[in-house]
Amino acid sequence: MVTAAEKVSGHKWGMAVDVDRCTGCQACVMACQAENNTTLSTEDVYRQKRTFAWIRIERYWYGEFPDVKARFIPIMCQHCENAPCEPVCPVFATYHNTEGMNVQIYNRCVGTRYCGNGCPYNVRFFNYWEPVWPKSLRNQLNPDVTVRSRGIMEKCSFCVQRIRRGVREAARDGRELQDGDIEPACVEACPTNALVFGDYNDADSRVSVMRNDDRKYTLLDKLNTFPNVVYLAQVDATEGATGGHE
Amino acid sequence: MATSSLIADVTDNRPSNQEATVDLAGEGRTAASSGLKLFLWALAAASVLGFIGIAFRFINDGGRQEWGYYAATLAFMMTVFGGAPIVAIAPAIAKANWARPAARIASLASIATAMTALMMIPLLFKLPPLTVFSEALGDDIRRTSIWFDSPDYAPHFWNVLILLTLALAGLAMAYLMALPDFAAIRDHGSGWKQRWGKKLARGFHGRPQQWEWLKMRIGVTGAFYFAILLFANFTFSIDFAMSLVPGWKDAILPFYHTISSMQAGIAFTILGIWAARRWGGVSKYVGHEQMWSLGKLLLATTLLWFYFFYSSFIVFWYGRTATDTLTLKLLVSGPYIYVFWTVFLLAFIAPWWVMIWNKVRDSVWGPPIAATMVLIGLFFDRIRLYVASWSAEPDNLELAKLSMLEKMPDTVWPDVFDVFIMVGLPAFGLLGILLVTRLVPVVSLWEVQQSRLITKPIRFMRTHVMLVGKPD
Amino acid sequence: MQQRRILDEFTINRELLRGNLNTPKWWLPTVLGLLVVVLFGFTLMGIMFNKGVGVTGLNRPVYWGLFITSFVFWVGISHAGIMISAILRLTQAEWRRPVTRAAELLTVFSLMTALFFPLIHAGRPWRIFYWITPFDFSRGIFPNPRSPLIWDPFAIGTYLTGSTLFLYVALLPDLGVLRDRTTGWKHSFYTVASLGWRGNPRQWRLQTVAGILLSALMLPIFVSVHSIVSWDFAVTPAVEGWHSTIFAPYFVIGAVHSGVSAVVTMMALMRWLWGWENYIRPEHFDALARLLIVVATGWLGFTFVELIFGVYSLEAPERALREMQMFTWPWNLLFLIFFLCAFAIPVPLWFFKRVRNNIAMMFWTSILVNIGMWLERFLIIVPGLARKQPFVFTWDSYTVSYLEWGLLLWSFAWVLMLMLLFSKFFPLIPLFETKESQLFTMDVKIGRANMPAVIRE
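Protein chains in written order, with our numbering: chain A, 1 to 246; chain B, 247 to 718; chain C, 719 to 1175.
These aren't lab readings, by the way, just hints derived from the structure by calculation. Hints may contain errors.
What the hints assert, rightly or not - Pairs of lysine-lysine residues, derived as DSS-like cross-links and limited to a Cα-Cα distance of at most 30 Å, are as follows: (1) C:Lys1153 with C:Lys1071; (2) A:Lys222 with B:Lys575; (3) C:Lys904 with B:Lys341.
Being a predicted model, the structure only gives us computed values, none of them experimental.
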């Protein structure tokens, strides 16, 4: 699904997650946290059930005892082509940009939280409180990323600041953008290369190849959200591909 | 009383109760004219054609999609004839005086309802089984149905029970509402009618306790009929339509059927009144007031039709899930799009714009025009729903289990036998009703008489109005 | 049936203007007491403004909770007015007359209350004008017409405007009466408010035509308001149990159920507080209870079908949700209370004529209905959100905070206070309707029976 606007911008960003490679180490979660100035999920916040995790690892057990195995599924904003969160926003705070991404404009948000209800993957987060950081962490905040105030929604942005920087630097150096030039924090941190980021409009990019893999599936595809994040199913040597997440 | 000075009696030029008795139950009744006889024969011929069509369907059974038009026709008859008796009951419960002369025409539709209900039973055996063995899964797959985990005979057993109950309840109600008239025919009629009246009146002589008994029975049967009609709409709309399409999950459908049933019932009653005035010689007893009130109700139910349709449409359209999109495509925008636009025009837009004018509602010719359009529109609506769902046969059971309609079926066009069925079965129902009106007066004598007892035309200040008593 | 009371116009004026021309002893203390609660509520809202939505019990999966429940509840109550005045007016039900004003009032005030909830519940309430105003301000962006949250302010705004006009048009003749019976600043106030009403035939005709037109125009709005509120939920396929086509009529009939019950509660209060035994009579309760039986049974049918279709598709997530809603602690307790209160206790009781004619019984059963209907909305909204999709790592539940309970209490005190303030300045029972009813009804003798009769057309 390539819209006219996407042809103009030339990019359609997407991510592929190889579930078979994921070890559940949570490095992506930490990297995301550090990159995006996300509010700390302290014990207090956890007890309020209001933790922030733009990317989270879901762990599912399968198999019969004693052959129990774990499957880890990293879940972040799926940047759906047909996103249920977009039409429900009364103030256009969330919309689809020309590069296939679902973006959130913090300044427009009034905090109805309707998008949070509309999102089937539960990857939208609401700032119930004004965010505070301990003194020791204040200098750690990423200057490229807005610190969100209370009362607004936020979510994975595919590290849009890194995408912008990558495009800018390529233009400055007068070269074509290469596959792998741009890596969101989670992709950069992944030790097993389970997460791959790239441009679907580039037919040779790794994500495009992975998207055509036999093991490919998308989350909750019966909802017709057409996510730009695709998953590659786990391969079990004894059973074959175990299929998607039911 | 402070107000009495404002009120004066005026002369009452309505026919007296004695005249009404003569007109409706006695010598004044006309015998079947040659035109009517011809019409009855034509209906009978059409019915025969209809049964030929059905017989051909059974002998030359070419799969489920061939049964769509048969199902649609029966659903349409259920809609029209099943809904009409509500026009007889609801105003009685709400103590609305205007509906009394129209109650008979409405309640006689029960005869056709009973015939339809019985004809629906063979169709049950054309439904797909509740469970199918899937070789790919190596297990039984259960299709969606309201019978959940019940045994495979559930739809047949329960539906037969419900349809038979509906038939009996409708007949009982029509009979009870005609009982005092049978007594009148016995006392004032002649010939075969008098003999039948005597048999059917069951010794009704209008004693106070007999009236009490009768009113009580009419109330109870009426309420029961209404409940069982709702239930029948619920089961047949799901069993004969929705559950045949994988993924079609539309909770409003039973209520959509009920509301369009009332719409069609009102339309039927309006046309019945018009025909009775035109050919039945009862224009003194039924007409303007009934048309005016039924016209308002027709307008209301027409708007409600749209509301119920739109409620389901917007949820599907906005939801955009795979099953939502496929369902909308099958029923609205896909193979039956022209049928759908016909429905939209005839069951909603046209009657709405016709009936919104006071001048039209306030006439005896306006409502029948709108009623005709509504009936045609709803017939197409049943085609849209039933032909589409009977043609949606999933090949791939695993996909069906995932509630996905795997491929969009092509438009199914009626063949000549379908046309026979579509013409013949409604004609058969109509024939039944018309034959009964040879004995039973088309305007209820006792309702007319009772209504005359509790109303009185008066002059109030400078206008002529009706004083209506509200008995407990 | 009770014998009709024959009252002369002087008595009607004196008795119905009791609350306006003199102040009952209990009035001031009650209003002050309610004012304390209302101010307490506004303080709570101030705390929310100051600290953020964090002070509520809402969390990540459950983004909407008690506030949205109360919003739906109060919008539901507001359906009483048009149901009673418009529908019964168009169907010429004679018994509606003493109830109309109070029902319309309830519509206006409950809508004003309902509006508060989504607004204070927003994350940044000082920016809601970007949401509810169809204007681009300096930003160059209009609100998003595809969002059901935009349909809401439009529908409710239209409904509020319409009902206020409806109320005002019906108030005009009575304002004229009050103008003629007051002096000083009150006289000046009523002179302006009555818009030169003198009661000549032309004015009466215009007033009647306006009333009928407004009733007919309000009916589609009446239906659309709660349908749109229901679509806030139904168009969201992500939440199990919300995406149901039946929601619109289901919500509307539920709203009528709770709204008419609220009118019953209010009528009982009016009868007791101002001693209007001559006007609000058992037969009115009887008629409303009969109407409620029909509405409640219809509502039960919708509930039944809604639940059936919840499990119809044999999909595991939806089935699991229904199981939680009905059989898992603590939802099962709430479900039981909901079902008992909204249907199983009141409706069978209303079948008895003695209950229908007993004002205290009607008062308590109508309150039960509204407890049940509030819980119904809660049970629709919260469990669905708590178990949105099969991602078990995002499942959670919701504990209502004290602040939210406080604001629920505030909403009741706020509506009651507005009502009592209104009752000081305007008659709660329409004088002209009562007088008209005296003209239009009479007893007729048929055979040996005396029965009430009504003039038609």
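Okay, the hints, checked on the actual structure:
1. C:Lys1153 with C:Lys1071: 28 Å, holds
2. A:Lys222 with B:Lys575: OK: lysine 222 of chain A and lysine 575 of chain B at ~16 Å, within 30 Å.
3. C:Lys904 with B:Lys341: Not satisfied, since the Cα-Cα distance of roughly 45 Å exceeds 30 Å.
When each numbered hint is compared with the structure, a violation occurs for hint 3 only.
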